[in-house]
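Asker: These are the residues of each chain, in order.
2 protein chains.
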Amino acid sequence: MSFDRLILKIKEKNNPTVAGLDPKLDYIPGYIKEEAYRQYGKTLEGAAEALLQFNKGLIDALCDIVPAVKPQAAYYEMYGWQGVRTLTETIAYAKEKGMFVITDGKRNDIGATMQAYSAAHIGQTDIENVKAEAFGADALTVNGYLGTDGIKPLLEICKAEDKGIFVLVKTSNPSSGELQDRKLDDGLTVYHTMGNMCENWGRDTEGKTGYSAVGAVVGATYPEQLGELRKALPHTFFLVPGYGAQGGGAKDVAPAFDKNGTGAIINSSRGIMCAWKKENCDPKEYAHAARREAIRMRDEIISCID
Amino acid sequence: MSFDRLILKIKEKNNPTVAGLDPKLDYIPGYIKEEAYRQYGKTLEGAAEALLQFNKGLIDALCDIVPAVKPQAAYYEMYGWQGVRTLTETIAYAKEKGMFVITDGKRNDIGATMQAYSAAHIGQTDIENVKAEAFGADALTVNGYLGTDGIKPLLEICKAEDKGIFVLVKTSNPSSGELQDRKLDDGLTVYHTMGNMCENWGRDTEGKTGYSAVGAVVGATYPEQLGELRKALPHTFFLVPGYGAQGGGAKDVAPAFDKNGTGAIINSSRGIMCAWKKENCDPKEYAHAARREAIRMRDEIISCID
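These protein sequence lines are chains A and B, in that order. If you read the first sequence in the numbering used here, its first letter stands for residue 4, the second for the next number, and so on. If you read the second sequence in the numbering used here, its first letter stands for residue 4, the second for the next number, and so on.
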């Protein structure tokens, strides 16, 4: 119904961060890949198996200190349906370990089709009155370019199943301003307008924390806009990418939080997945290195909120 | 490199239409579903098998008269990775039968991630220098909200592998105007601005027909905007949804075509897939009914272009 469930997990772990699971083969230690290729060859299936084992190791090492994971659909689709099976298994494994799962799919379409995406990613699929969970994430990122029709079917599922969505508002990439920073004829930027739409869509889904089921994606690489939007959108919980490898630092993400130190979750993907490379440690220690980086990130961000 | 390959197929068949493959279980004749459930139960796998058999029947019945198919990713993801496997097999089957395949995924993300989506859907995936095709479509629909960074990786693959993309410009749904019709401070609408971005992105990928590798999605439900954009975007090939079930008629799509009667392909999904229901014919004749509807649609649209 809202992001209360995520916010509770953040409070329990005193850690407003999410580990992005965007596993490129380059990020995976050789011993994991070799074992997967030995079983399935250098194939989509072999790669998908390596991704799964890598993810499981990360989840095991992070689940007691990090409240959430965010698998990025593209890095699974890249390995075909076999990769998508790994996405399914990764989501199930993370949930089993008590983590909140945000599928980063940036889905968008007309109403009838969004109903299918909603069922797929955060709801359930009906097969002749038998219910099945296709992916079963707790939240999904979406793109609001199509307006309300494309959001409504998600809201129904958010309400019925206590799930959430994050709508792209101001993205972290260098060219995000080409459209998003343009001003509309009323003087508001496109991103601010999209932010206002999030507040509207989220109405009546606010939880005890005051945040609704409709969150926003706002990049750490644009701290000024992050602060502007935090003030303008009091019921909209933020998912903040762009910390770490993309250039955002802890001071850049501080404006994402409200006066109670809540209201946002900060994502790091490469920083955590590739910590073993940066540390130059034994590749078999990759999960420990990820944990050390997750702790470092947590402490750094917590210190900036206070 | 451009949409020449698609345009050639359209000319060969004298048919500027594409069959949308958005197979809901409701659309599938009982005898196909019963056989699938008998083998795999009322499960994601059973549903995915029914979808595949339904699609194959449609492709067999349409491939000599319809140049292209457009599977909508949502209706496959709904059935989990098993459904996504059916998407893969559907794409392969349609290509085997000589059809041009447009995966309707409306993907979008930052540059690094779009590289993964590009490889997944229209390119190839590299597994330790072994190349594998994950989905292998000829074209992909994408959402340009993130600007140039999110389009560039696709362009590289379009150029290298003679593929194409369709960017959402003015979508067919009722609420598409909420953002897309808003005017920017220079007086141009958001959709027109996105259309201009398509012309820029397509530059240097124009083929012999004058159309680039960057097409646009423009809905049949907004014929006025369709005509406006056709004039404004001379190198941008249009994918036009919204014909038939969504309310667009042949006269509504006429403005999508240029003075040579080219420049667009019109999609029908439900109209073709559910023709057997509308005709109230023997469900075993579903593919024949689809073919009859595809011919009717072709003739109707051709008559409006002339």
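Incorrect hints may have been included.
As the list makes no split between identical chains, a pair holds if one copy fits it or if it spans any two.
[As the list claims (entries may be wrong)] Listed next, the in silico DSS-like pairs over lysine-lysine satisfying Cα-Cα at most 25 Å (straight line): (1) Lys134 with Lys234; (2) Lys155 with Lys16; (3) Lys186 with Lys262; (4) Lys98 with Lys134; (5) Lys162 with Lys254; (6) Lys27 with Lys16; (7) Lys155 with Lys59; (8) Lys12 with Lys281; (9) Lys14 with Lys234.
Hints were generated in silico from the structure; no laboratory data involved. For clarity, every value in this text was computed on a predicted model and none was experimentally measured.
Asker: Does each hint hold? Answer for all of them.
Answerer: So, going through the hints one by one against the coordinates:
| no. | hint | verdict |
| --- | --- | --- |
| 1 | Lys134 with Lys234 | neither (41 Å within a copy, 48 Å between copies) |
| 2 | Lys155 with Lys16 | neither (32 Å within a copy, 39 Å between copies) |
| 3 | Lys186 with Lys262 | neither (29 Å within a copy, 35 Å between copies) |
| 4 | Lys98 with Lys134 | within (19 Å within a copy, 33 Å between copies) |
| 5 | Lys162 with Lys254 | neither (34 Å within a copy, 41 Å between copies) |
| 6 | Lys27 with Lys16 | neither (28 Å within a copy, 42 Å between copies) |
| 7 | Lys155 with Lys59 | neither (34 Å within a copy, 32 Å between copies) |
| 8 | Lys12 with Lys281 | neither (29 Å within a copy, 51 Å between copies) |
| 9 | Lys14 with Lys234 | within (22 Å within a copy, 55 Å between copies) |
The earlier numbered hints that this structure contradicts are 1, 2, 3, 5, 6, 7 and 8.
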